[in-house]
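Undergrad: Its first residue numbered 0, the sequence shown is counted upward by one per residue in numbering that gives the first Met the number 0.
Zero decoy hints are in this set.
Ranges between beta-carbon positions, derived for each pair:
1) R58 <-> R18: 16 to 24 Å
2) D76 <-> G45: 31 to 39 Å
3) A54 <-> S5: 14 to 22 Å
Treat the hints as calculated values from the structure; they're not laboratory data.
Every residue gets a Cβ at the ideal spot worked out from N, C-alpha and C, and that includes glycine.
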Amino acid sequence: MADTLSINTATLFDNADARQVEFSAEVDGEPRDFAVRYDALEALDGAQPDTGAVAAVRRHLDAVGAGAAVALARDVDQERVIVTENDLA
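Using the sequences plus the hints, can you model the full thing?
TA: In C-alpha cells form, the structure reads like this:
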C-alpha cells in the first residue's frame, strides 16, 4: 500500500458519461490517475451524486483518499485506478 497519497483537488473532473469523478494524486512522490465511481460517492453521501459529484468528493476527501490507496494496492499496474464502493473502509 502507498505510504502517502495526496489528492490534487485542482484536478477533480466530473466525467458524468462514465459516472465517475476523475482526479490526479501524488503517491509516494509520483503522479497517478484515479477515478471514484458514483456508486462509491453514493455510499458515502447517501444520495446519487448526479449533480455535485465533485462537491461530494471534496466532502469525503479523506475517505476517497483511503479508498484510492486500497484500490491502488489491489492493482498497481492500472493506468487509471478506479475506486469503487468495495474500496471504502
